[in-house]
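Every letter in the sequence shown is one number past the one before it in my numbering, and letter 228, counting from 1, is 228.
It is worth saying that the hints were derived from the structure and are not from the lab. Take the hints with a grain of salt, since some may be wrong.
Claimed, not checked - What follows is a set of in silico ranges between Cβ atoms, one per label pair, in the way DEER data are often shown: (1) E68 x E104: 35 to 41 Å; (2) Q130 x V203: 45 to 51 Å; (3) G85 x Q168: 30 to 36 Å; (4) E224 x S137: 27 to 33 Å; (5) D193 x L46: 22 to 28 Å; (6) G152 x D239: 31 to 37 Å; (7) D193 x R73: 41 to 47 Å.
Bear in mind the structure is a predicted one, so any value in this text is a computation, not a measurement. We treat Cβ as the ideally placed atom computed from N, Cα and C, and that holds for glycine.
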Amino acid sequence: MNSLFDLTGKKAIVTGGTRGLGHGMAEGLMEAGCEVVVVGSSASALSVAEEFRSKGFACHGLAVDLSEREQRRAGFAQAVELLGGHLDILVNGAGIQRRHFCEEFPIEDWDAVLEVNLTAAFDLCQMAGQQFIRQNSKGKIINIASMLSFFGGYTVPAYAASKGGVAQLTKALSNEWTGKGINVNAIAPGYMDTDMNVALTDVSNPRYREITDRIPAHRWGTPEDMKGTVVFLASRASDYLNGAVIPVDGGYLVK
1 MNSLFDLTGK
11 KAIVTGGTRG
21 LGHGMAEGLM
31 EAGCEVVVVG
41 SSASALSVAE
51 EFRSKGFACH
61 GLAVDLSERE
71 QRRAGFAQAV
81 ELLGGHLDIL
91 VNGAGIQRRH
101 FCEEFPIEDW
111 DAVLEVNLTA
121 AFDLCQMAGQ
131 QFIRQNSKGK
141 IINIASMLSF
151 FGGYTVPAYA
161 ASKGGVAQLT
171 KALSNEWTGK
181 GINVNAIAPG
191 YMDTDMNVAL
201 TDVSNPRYRE
211 ITDRIPAHRW
221 GTPEDMKGTV
231 VFLASRASDY
241 LNGAVIPVDG
251 GYLVK
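Turn these sequences into a full structure, and let the hints steer you where they fit.
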């Protein structure tokens, strides 16, 4: 049974892998035996990779501004090169957030969120798909959706639109690529105690109590909670799973 989840010798790119959920997922993949390139928006990617290597993991760091199209394409090529010219797994973990009331939401913030959260995800999926086809090998693409792939949220219209798009993109890609041996699935994290949600995790915010009271697990999620699902989706155990959007939410959606 353990061999179903074994990632020894597999090679992965994890965007947003320097902190939060991305950091947890990158660590989970490495704990399962994977070699990983963690992609971050700053030079901290290099220090994060060094920390992982100090724990005995095979890890590389790469600083890429995913909002810049030419830079992310060059970054993808560089990441594959760091992995010895072969890729097995892509995790699209990078994302940004902007909060404003809908009637005041600046178009510049809309563009920024959609570019990083949706357009960059498509671009990276496409490049990974092309890489898998060139290699004539199977591949795993894991997108990061959200609770806001299912409902709209408050003061985050761009984020909700981008994550709705990620869910639909995942399904569209799986329709065309499943027959080529490429699995495309998504994880939809619930309310997670990360930097992105710092505005909500303030206990004085009424939304914090409202959200917490709805979670059957009685707590917000952590990066550790993402490890099992990402390893499952990256491994042989999920070879017949395609186009799924899996909530990791402590039961929030079903209450």
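Hint check:
1. Between E68 and E104 the CB atoms are about 27 Å apart, so this pair departs from the stated range of 35 to 41 Å.
2. Between Q130 and V203, the C-beta spacing of about 47 Å keeps the proposed range 45 to 51 Å intact.
3. Between G85 and Q168 the Cβ separation comes to about 32 Å, which falls inside the hinted range of 30 to 36 Å.
4. Checking the proposed 27 to 33 Å range against E224 and S137 shows it holds: the Cβ atoms sit about 30 Å from each other.
5. The hinted range of 22 to 28 Å is satisfied by D193 and L46, whose Cβ atoms lie roughly 26 Å apart.
6. Checking the proposed 31 to 37 Å range against G152 and D239 shows it holds: the Cβ atoms sit about 34 Å from each other.
7. Distance hint check: the CB atoms of D193 and R73 are about 33 Å apart, inconsistent with the given range 41 to 47 Å.
Hint compliance for this structure: hints 1 and 7 are broken, all remaining hints hold.
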